[in-house]
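Chain residues, written in single-letter form:
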Amino acid sequence: MINLIKSKSLLLILFAFALINVVIINSASSNTSASETENNQRIYDKAGLLSTSEYEDLEQLCIEYGEDAGIDIYILTHNDSDSVYPEAYIENFEDTLPVGDRVYFLYDKYRGEIFIEGYGLAETYIHSKRIDLIFDQMMTDLRAKAFYDAFKTYISLSASYMKDDFEINEDHDYSYSSEYQSETEKSNYSNGSESYDYDSYYDEPRTPKEESILTNLWFQIIASLVIGAIVVGTMAYNSGGKMTVQGNNYIDPGHSGLIGRRDQYIRTRVTRVRKPTQNNNSGRGGFNAGGFRGGVSLGGRSHSSGGRKL
Amino acid sequence: MVVHYKCPNCGADMAFDSETGLLRCDSCGRTDNIEKMAGEKQPPSGGTVTYDMSEEDKRAAEAAFEKDYEDDKDEDTPAHHATFTGNEATEYHCKNCGAVLITDTQTTATTCNFCGAGVVLSDRLSGSLAPVKVIPFTINKAQAQEAFIKWCKKGRLTPKDFMNADRIKNITGLYVPFWLYDLNGRGEAEATCTRVHTYTRGDWIYTETKYYYVYRKVDLNYLRIPCDASKKMDDSMMDKLEPYHYDNLKDFNMPYLAGYIAEKYDYDDQKLLPRMKERVNSYVENYIRSTISGYTTVSFHRKDINIRQKRADYTLLPVWMVCYDYKQAEHNFAMNGQTGKIVGKPPLSAKRIAAWFLGISTGTFAILRILTMLLGGGLS
Numbered sequence: 002m003i004n005l006i007k008s009k010s011l012l013l014i015l016f017a018f019a020l021i022n023v024v025i026i027n028s029a030s031s032n033t034s035a036s037e038t039e040n041n042q043r044i045y046d047k048a049g050l051l052s053t054s055e056y057e058d059l060e061q062l063c064i065e066y067g068e069d070a071g072i073d074i075y076i077l078t079h080n081d082s083d084s085v086y087p088e089a090y091i092e093n094f095e096d097t098l099p100v101g102d103r104v105y106f107l108y109d110k111y112r113g114e115i116f117i118e119g120y121g122l123a124e125t126y127i128h129s130k131r132i133d134l135i136f137d138q139m140m141t142d143l144r145a146k147a148f149y150d151a152f153k154t155y156i157s158l159s160a161s162y163m164k165d166d167f168e169i170n171e172d173h174d175y176s177y178s179s180e181y182q183s184e185t186e187k188s189n190y191s192n193g194s195e196s197y198d199y200d201s202y203y204d205e206p207r208t209p210k211e212e213s214i215l216t217n218l219w220f221q222i223i224a225s226l227v228i229g230a231i232v233v234g235t236m237a238y239n240s241g242g243k244m245t246v247q248g249n250n251y252i253d254p255g256h257s258g259l260i261g262r263r264d265q266y267i268r269t270r271v272t273r274v275r276k277p278t279q280n281n282n283s284g285r286g287g288f289n290a291g292g293f294r295g296g297v298s299l300g301g302r303s304h305s306s307g308g309r310k311l
Numbered sequence: 008m009v010v011h012y013k014c015p016n017c018g019a020d021m022a023f024d025s026e027t028g029l030l031r032c033d034s035c036g037r038t039d040n041i042e043k044m045a046g047e048k049q050p051p052s053g054g055t056v057t058y059d060m061s062e063e064d065k066r067a068a069e070a071a072f073e074k075d076y077e078d079d080k081d082e083d084t085p086a087h088h089a090t091f092t093g094n095e096a097t098e099y100h101c102k103n104c105g106a107v108l109i110t111d112t113q114t115t116a117t118t119c120n121f122c123g124a125g126v127v128l129s130d131r132l133s134g135s136l137a138p139v140k141v142i143p144f145t146i147n148k149a150q151a152q153e154a155f156i157k158w159c160k161k162g163r164l165t166p167k168d169f170m171n172a173d174r175i176k177n178i179t180g181l182y183v184p185f186w187l188y189d190l191n192g193r194g195e196a197e198a199t200c201t202r203v204h205t206y207t208r209g210d211w212i213y214t215e216t217k218y219y220y221v222y223r224k225v226d227l228n229y230l231r232i233p234c235d236a237s238k239k240m241d242d243s244m245m246d247k248l249e250p251y252h253y254d255n256l257k258d259f260n261m262p263y264l265a266g267y268i269a270e271k272y273d274y275d276d277q278k279l280l281p282r283m284k285e286r287v288n289s290y291v292e293n294y295i296r297s298t299i300s301g302y303t304t305v306s307f308h309r310k311d312i313n314i315r316q317k318r319a320d321y322t323l324l325p326v327w328m329v330c331y332d333y334k335q336a337e338h339n340f341a342m343n344g345q346t347g348k349i350v351g352k353p354p355l356s357a358k359r360i361a362a363w364f365l366g367i368s369t370g371t372f373a374i375l376r377i378l379t380m381l382l383g384g385g386l387s
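If you're matching them up, the sequences are chains A and B in order. All letters in the first sequence, in the order written, are residues 2 to 311 by my numbering. All letters in the second sequence, in the order written, are residues 8 to 387 by my numbering.
Isolated chain A (complex conformation) (with noise of 0.2 Å):
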């Protein structure tokens, strides 16, 4: 009897263990198709605002200009109600990819709004700056729906500013407050009506975020059911009594004792490591120094950014 119910409790405990295992394994085999989507394709258009022929042709652009300025030019679109917001959405589709120098462009067709975004290199030549140029290239274009024309724009741009040192951003730590310089500094690149409230976005929860392991319902589901094995097999185990004595319990106190300690010192070893970086907890971007804007995605990539309404 005894028997069957430890082997009952360490069945439980095995089976915790094994969801345990196909969680780790789910997120791991999860992490290794990620990387195998690092093909040549540049071009995702889910909003289908692109002909075949025009997709073809961009996607060939993308390329050519791309490697000739030495990044990856990048064009996303959607029409996606239930997506994070543009900032986010950028940040998350380069998490799934490995670190690189790239460039995205982002038309969020549901909210209306456009979003460019630098990683690596493009991060210090296509800067928040620049990002505003381009947006002023392209606006007329994309009013008037012509994609690929606006498209063509932001690849040639992109590329050109690419070999365009005069006032580069080295600068990639974003943590000054948007509230701190809003005033100063978004008045130098935002052109008035098509200012881009960044701040709008700050209250909307970062789902990725939420999900710490701690947190993950599944992963406390188990942790409760691991705790509660381990606390009725501990009380299983101990039900026929335990052992309470120990070596005080028989020590001649008078007669035992220490009669030879030695410490000595040999050595210190010093390293050190340098401390992380706290750019903006919320992770949503801010400013640096020099006014430029940019942020930091959740993989710890920080990235030049700016947006716009259509």
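Derived from the structure by calculation, the hints contain no laboratory data. Just so you know, these numbers come straight off a predicted model, no measurement behind them. It is possible that some hints are incorrect.
In silico lysine-lysine, DSSO-like type, Cα no more than 27 Å apart, as pairs [what the hints assert, rightly or not]:
#, chain 1, residue 1, chain 2, residue 2
1, A, K243, A, K276
2, A, K243, B, K161
3, A, K243, B, K358
4, B, K176, A, K243
5, A, K243, B, K239
6, A, K243, B, K167
Here chain B is said to cover these stretches of chain A; the calculated rule only asks that three of the stretch's residues, wherever they fall, bring their Cβ under 8 Å from a Cβ of chain B [to be verified]:
#, stretch
7, 99-108
8, 222-228
9, 231-241
10, 269-276
Glycine is no exception: its CB is placed at the ideal position from the N, C-alpha and C atoms.
Based on these hints, arrange chain B on the given structure of chain A.
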């Protein structure tokens, strides 16, 4: 030889009374002080051999540690040298009624199956088989039964009908043979320890690890560690019965056994010594570890521990054995006859285990959810 304690006043059987610690006649109420019953006393003849450890230690302390182990006198001191000769073939007759006493080869005290008189087989308690010490029962049968029922009710995983404790088959007061070992343990250990200190300067976090060579040498004496010397008794169960309090440890006298069952040892102190050494080894190890403090990490690269027997006393310790019938199976429990501590595996109820498991799991889950909600609220 069969010893039977008859009341000098009324002729009824006398038995040891756990409440007063005296030999008592239930019929007329006469009591006799056991320690004063000189005539009945069996002085321990081959009982103990002691060894002058202080002299030995003095010499060891003067010498370097390495020499400690080369000392030719650094040996275990056995308590008995006599070879065991049992009287397995002897038939005993009850002095009271003349009936044949049903005994097995280990029995040293029992009660007559016919008249119920408590008898002691004195020839099995003499010579090398003479116990040196005894802890008399302080819990009597009624108290033991009551304590057992109480314990059954406390069981959190035991089935409901077991908790009634209404199927106690029998409850037997048993003097179990033990060896009480006095041991000396010497240990020497070398370890590398580290102290880790972290601090921040500018943009860098520094981790400073200081390495130390640590050496410890201990000389520890342990007194009266019991080790069960009966083949019948489950070793781990007997270990769990500890501790016994030695302030009630008495020189052995046969009347203490009157009215109880007693057995003689199956294993002598030499046979049990390896088991004892293993146990004390872990004690010494723990002691050494406890002397090293103030370090972040400790990793031993040498540990030498030597355990020596200094003395072993053949001692009878009181145990109530409870035999419980539950669902066609017997469950045996042992109770420390001095402190009332109970050990033994009770039956477990699958239903109650499931209930506890679900209860704890849901409780934990609820707490985790609440924490998540609180933290989630705090973050946004």
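Violating hint indices (sorted, rising): 1 and 7
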